[in-house]
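So you can see what is in the structure, the chains are spelled out below.
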Amino acid sequence: MEVIRNLADGELLEAIRLGKGLDAAIKLVYRDHFESMAWLVKNNNGSQQDAEDIFQEVVVSFIELVQKGKFRGESSVKTFLFSMTKNTWLNELKKRGRTGARELKYEKAKDQQEMDVSHFIAEQEAKKQVMDVVGQLGDTCKKILVMFYYENLSMKEILVNLEYENEQVVRNKKYKCLKQLEQMITSDPSLTQTLKNILHG
Amino acid sequence: MDNSTQYDDELMRYIDGEMTESEKIDFEKQLAADRSLKQAMDNLQLAKDAVRSYGLKEKVSGIHQEMMKELKTETPVKQISNVRRIIRLSVAVAASVLLIFVCIEAYNFYSLSSEKLFAENYTAYELTTTRSENDSAGSKIEKAYREKNYGEVIKLNTNSVLSIKDVFLTGMSYLETNDLSKAISNFQVVIADLKDQKNSVMKDAAEYYLALAYLKNSDYDQAIELMAAIHDNSSHLYKAKFSQKYIDKVKRLKWR
Numbered sequence: 001m002e003v004i005r006n007l008a009d010g011e012l013l014e015a016i017r018l019g020k021g022l023d024a025a026i027k028l029v030y031r032d033h034f035e036s037m038a039w040l041v042k043n044n045n046g047s048q049q050d051a052e053d054i055f056q057e058v059v060v061s062f063i064e065l066v067q068k069g070k071f072r073g074e075s076s077v078k079t080f081l082f083s084m085t086k087n088t089w090l091n092e093l094k095k096r097g098r099t100g101a102r103e104l105k106y107e108k109a110k111d112q113q114e115m116d117v118s119h120f121i122a123e124q125e126a127k128k129q130v131m132d133v134v135g136q137l138g139d140t141c142k143k144i145l146v147m148f149y150y151e152n153l154s155m156k157e158i159l160v161n162l163e164y165e166n167e168q169v170v171r172n173k174k175y176k177c178l179k180q181l182e183q184m185i186t187s188d189p190s191l192t193q194t195l196k197n198i199l200h201g
Numbered sequence: 001m002d003n004s005t006q007y008d009d010e011l012m013r014y015i016d017g018e019m020t021e022s023e024k025i026d027f028e029k030q031l032a033a034d035r036s037l038k039q040a041m042d043n044l045q046l047a048k049d050a051v052r053s054y055g056l057k058e059k060v061s062g063i064h065q066e067m068m069k070e071l072k073t074e075t076p077v078k079q080i081s082n083v084r085r086i087i088r089l090s091v092a093v094a095a096s097v098l099l100i101f102v103c104i105e106a107y108n109f110y111s112l113s114s115e116k117l118f119a120e121n122y123t124a125y126e127l128t129t130t131r132s133e134n135d136s137a138g139s140k141i142e143k144a145y146r147e148k149n150y151g152e153v154i155k156l157n158t159n160s161v162l163s164i165k166d167v168f169l170t171g172m173s174y175l176e177t178n179d180l181s182k183a184i185s186n187f188q189v190v191i192a193d194l195k196d197q198k199n200s201v202m203k204d205a206a207e208y209y210l211a212l213a214y215l216k217n218s219d220y221d222q223a224i225e226l227m228a229a230i231h232d233n234s235s236h237l238y239k240a241k242f243s244q245k246y247i248d249k250v251k252r253l254k255w256r
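Taken in sequence, the protein lines are chains A and B. Take the numbering used here: the last position of the first sequence gets the number 201, and nothing is skipped along the way. Take the numbering used here: the last position of the second sequence gets the number 256, and nothing is skipped along the way.
It is worth saying that the hints were derived from the structure and are not from the lab. As the structure is a computational prediction, the values presented were derived from the model and not from experiment. Treat the hints with caution; some may be incorrect.
[Said to hold, decoys possible] Cβ-Cβ distance ranges computed for the label pairs, FRET-style:
#, chain 1, residue 1, chain 2, residue 2, range
1, B, 62, A, 162, 56 to 66 Å
2, A, 190, B, 38, 19 to 29 Å
3, B, 88, A, 161, 45 to 55 Å
For every residue, glycine included, the Cβ atom is placed at its ideal position computed from N, Cα and C.
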């Protein structure tokens with residue numbers, strides 16, 4: 001198992017951007033940053049589970065933004081993760097009716113710099129909605145689509161994995177699944193518009 | 001309908017990156033010319049993008065579980081409960097209050113001095129009655145004392161046979177001029193002379209000033225003994241001057 005113990009921010013971002021050793025890079029992010037980000041959540045009315053959920057969400061956004069070239073190391077990774085964790089947790093507190101939550105206590109990290117991540121937070125929120133929509137697809141559809149579009153497996157590899165009769169059956173199934181997902185997303189015009197804004201923003 | 005199916009197939013091939021370079025160029029021209037086709041392509045692109053995000057989320061979720069196991073065994077993150085937070089806060093407040101108290105006490109202890117305690121309690125002795133002026137040494141001493149001419153009081157003392165009051169006033173003058181051992185002797189003479197008298201204003205005053213003279217001269221044992229006696233004597237005129245708190249301060253001064 002590849003274990004990266006020490007990487008400068010630049011090297012980490014490069015590994016994520018190229019997708020080379022992505023698993024190891026994600027583990028490094030957890031080893032280096034989870035504890036302090038969890039501390040921030042737990043010392044502001046969050047549970048251990050809240051801390052884990054928020055960090056997981058932030059890591060997904062972080063990887064995606066790096067891979068899309070929207071975060072190129074304008075600040076340190078720590079500053080970015082801190083700002084994202086803080087704002088994501090503030091948003092969650094507001095959703096839970098803690099309307100007074102405008103600022104978090106973070107004495108331990110008082111020297112911590114922050115960056116404006118408001119547009120990333122908006123993107124993360126829209127992505128969460130779309131994740132819910134994808135989650136509503138059947139298991140087979142999810143597997144085929146993820147294998148093809150995320151894991152970049154060939155039709156032949158998917159055929160082996162899912163034991164279909166031939167490639168054309170898989171191709172047809174994949175086509176139907178993507179169309180189904182497209183219709184589910186576009187049935188919510190406001191979500192569609194938000195996603196398009198993000199895509200073209 | 002046929003067109004739609006054909007477009008769907010082309011859209012899918014375009015989205016999946018399966019077109020040849022020339023097919024791609026041709027199709028992009030159609031996209032630029034056909035808004036509804038572009039709209040359909042954008043929607044499919046959204047769906048594809050959603051799948052990629054979902055895939056990443058699943059990947060991170062798998063690694064997350066693994067990392068939580070690793071981190072919890074390596075460095076458990078401390079969960080600070082509300083109760084513990086309140087207890088911590090209370091302890092911190094109590095510790096701060098205690099620290100402030102200790103600092104104040106320490107300051108009081110180390111800033112104590114015989115001069116400070118003397119000044120805290122000392123009231124100059126005022127002659128209340130005006131005697132008719134005559135040439136006696138005693139009256140001259142009283143006059144000089146009234147004028148706060150303590151040097152003159154002491155000078156007159158050396159040349160004259162004095163009344164007990166003049167001995168007292170001379171003691172006061174020594175006290176005022178910080179000649180403490182002579183002040184003590186004078187007050188002791190007054191007290192010895194009046195020892196059989198009860199309710200003597202002069203004797204009470206001499207005891208009070210003698211106690212303060214002892215204090216200023218750092219004769220703490222004598223000072224404490226005399227102050228305690230005055231404190232315990234309910235008919236003593238200067239009882240209120242020596243509270244238990246004040247006597248305790250003198251005791252602390254002795255321990256330093």
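- Message: Taking the Cβ atom of residue 88 of chain B and the Cβ atom of residue 161 of chain A, is their distance within the range 45 to 55 Å?
- Response: Roughly 53 Å apart at Cβ, these two residues keep to the hinted range, so it holds.
- Message: Quick check on a hinted range of 19 to 29 Å for residue 190 of chain A and residue 38 of chain B, using CB atoms only.
- Response: 20 Å, holds
- Message: Quick check on a hinted range of 56 to 66 Å for residue 62 of chain B and residue 162 of chain A, using CB atoms only.
- Response: 19 Å, violated
The structure fails to meet hint 1 from the earlier list, while all remaining hints are met.
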